[in-house]
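*Asks:* Letter by letter, the chains look like this.
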Amino acid sequence: MTITAPSRPPLPKLADPAPARRRPRPAGDHGAGRTLISDTELRRTRGKVVYFSVLTVVTILFSLVFLFPLYWMVTGAVKEPAEFALTPPTFIPETFEPQNYALAWDRMNIARYFGNTVFYAVGGWLIQLVVDVGVAYALSKLRPIFGKLVLGLMLASLMLPAAALLIPAYLTVADVPIFGVNLLNTPWALWLPAAANAFNIYVLKRFFDQIPNDLLDSASLDGAGRLRVLWHIVLPLSRPVLGVVSIFAVIGIWKDFLWPLLVLQDTEVQTISVALSRLSNTSQVPPTEMMAGLVIASIPMIIIFLIFQRSIIGGLSAGSMKG
Amino acid sequence: MAVIEAGLRESRRAQLRRKIQDNLLAYAFMAAGIACFALFSWYPLVRGVVLSFQQVNFVTDPYWVGLDNFRALFADPLFWTAWKNTIVFTGLALVFGYLVPLAIAVLLNELRHFKGFFRVAVYLPVMLPPIVVVLLFKYFYDPGNGLFNTILNGVGLPGSQWTQSSSTAMISLVLVSTWANLGGATLMYLAALQSIPGELYEAAELDGATIWQRLRHVTIPQLRFIMLVLLLMQIIATMQVFIEPFQLTGTTNPDTVTVMVLIYRYAFTVNNDFGLAAAMSVLLFVVLGAFSALYLRLTRTAE
Chain W
2 MTITAPSRPP
12 LPKLADPAPA
22 RRRPRPAGDH
32 GAGRTLISDT
42 ELRRTRGKVV
52 YFSVLTVVTI
62 LFSLVFLFPL
72 YWMVTGAVKE
82 PAEFALTPPT
92 FIPETFEPQN
102 YALAWDRMNI
112 ARYFGNTVFY
122 AVGGWLIQLV
132 VDVGVAYALS
142 KLRPIFGKLV
152 LGLMLASLML
162 PAAALLIPAY
172 LTVADVPIFG
182 VNLLNTPWAL
192 WLPAAANAFN
202 IYVLKRFFDQ
212 IPNDLLDSAS
222 LDGAGRLRVL
232 WHIVLPLSRP
242 VLGVVSIFAV
252 IGIWKDFLWP
262 LLVLQDTEVQ
272 TISVALSRLS
282 NTSQVPPTEM
292 MAGLVIASIP
302 MIIIFLIFQR
312 SIIGGLSAGS
322 MKG
Chain S
129 MAVIEAGLRE
139 SRRAQLRRKI
149 QDNLLAYAFM
159 AAGIACFALF
169 SWYPLVRGVV
179 LSFQQVNFVT
189 DPYWVGLDNF
199 RALFADPLFW
209 TAWKNTIVFT
219 GLALVFGYLV
229 PLAIAVLLNE
239 LRHFKGFFRV
249 AVYLPVMLPP
259 IVVVLLFKYF
269 YDPGNGLFNT
279 ILNGVGLPGS
289 QWTQSSSTAM
299 ISLVLVSTWA
309 NLGGATLMYL
319 AALQSIPGEL
329 YEAAELDGAT
339 IWQRLRHVTI
349 PQLRFIMLVL
359 LLMQIIATMQ
369 VFIEPFQLTG
379 TTNPDTVTVM
389 VLIYRYAFTV
399 NNDFGLAAAM
409 SVLLFVVLGA
419 FSALYLRLTR
429 TAE
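Read top to bottom, the protein sequences are chains W and S.
For the numbering used here, count along the first sequence from 1 and bump the result up by 1.
For the numbering used here, count along the second sequence from 1 and bump the result up by 128.
Simulated from the structure, these hints should not be mistaken for laboratory data.
Hints are supplied without guarantee of correctness; some may be wrong.
To be verified - Using 35 Å as the maximum straight-line C-alpha spacing, the simulated DSBU-like pairs for lysine-lysine come out as follows:
| hint | chain 1 | residue 1 | chain 2 | residue 2 |
| --- | --- | --- | --- | --- |
| 1 | S | K243 | S | K212 |
| 2 | S | K212 | S | K266 |
| 3 | W | K149 | S | K212 |
| 4 | S | K147 | W | K142 |
| 5 | W | K49 | S | K243 |
The whole structure should be built from the sequences, with the hints applied where relevant.
*Replies:* Given below as structure tokens:
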């Protein structure tokens, strides 16, 4: 369950969950690569001048607006607190104290919160995959009675703004009906609601639907059971879609804030986001250490993004978007 | 004859057995999923509505109070403030977060260099945990030695109180939120722009259309569908704004209290009134439900 930024997939374009990121752009003026402004217009002297000035301005502007804040965060963390508080601030650190990162890691207990978050993300990812693949496979290949109804009820949950469920879902986690257990401050409070992910199920089912039934039938004629077919045929063929679902599962859990804020109030078990919020509100952490904490909280997401750029941007264009 | 009939009956029985087996297996595969949905999605929806008509005090069992929760909400001046603030936030977020990505996407689609760099740069903030963005901007907004005032003063403009003054607090929140989120909309526009057939531009150019006319009469009409989809997505997402006011201005500041902040406040701070919070959630759900229905209808017809 993503409480803060519900993913709202436009349903139409999902047929191929990971399309190529960019279309090849033919060299000439003609064909699909053509945009608003033609290459002929750009080749004129005036066109060239305008184009390169716009390109320069946009490059500088993008660097300043989108990258500079990150530079500020990383370098702010290595300044001495006195330099950090200077007016006007220094743009290139004059003092260099990389040990602020180590201090944050130890003194703010970032190590623990970082570990917690990794644990929640990995566990949530695995549970989401197991639960959602099971549902999608059953709906797509076993076609049980009432299958359409079940899928419909699950997809209906995409219509629910997460905000609407906040209070009753919290009470449910605090005292799970039938089982009568309290999941507050346990990883299950994050994992189980996250597993109820209709978007994943929909994407997986659409992908499984494209796998020809003949392939599965011939495997069952050879004596493979349904589970073996799933494991040895369907899943290997579904690598790309499983990849996209996995990346978004991990990102979703890492970025979530409001739900963990509610269900993980015990400071020992909090995620790094909730802990940073609490430390910023209640304690007198030196700003340089806080900056280091912010950087540490961002690093895994930035690494994931740099590695999986193509799938993330492709998956985004295919439809899923965070708020 | 009899033998064939017996054989048919036999095979029909086998088919039936197989069908039953498949159904049992299917529901075994789906059991965990159905349980998760039932517990954390379907049941809470019903319970939320029930709760909104109940008094919850943790001493006795919840008891029925009819419309009392809603009456209490309407009598609370903060309730109206929260709605007003939320609408202002959503409106401002649309002005920035809806038009700016469109402009950026059209511009980036024309640039032939550094495509990878632009995409990464614009989407990088979306990847950061929201709390990181908000806390970082807290330092930027600092009226004393914050970066923003330093820059303003540097070019000879007076500084601002940013989040700490009632006249600028809301816009400061919108700026953070826009910075953090516009990458998503930008990339979706960019994808839509790339699917516009080049022939349309070619034909317009042959007819003597200037760049502005092409933008106005080819690009914008071709983007109409995605613009409508993004408009609804944006409204639904921004009306649930929480982390910016929660972290930057606190839950007690009437200048920036939003619907979600007030729900949080009713339920988890002083009041501990889950019935009141649930009633407010139901109202938010009704409002957002209208947009969701529109959205679903739109994407359905497109399919």
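*Asks:* So which hints don't hold here, by number, going up?
*Replies:* 1, 3
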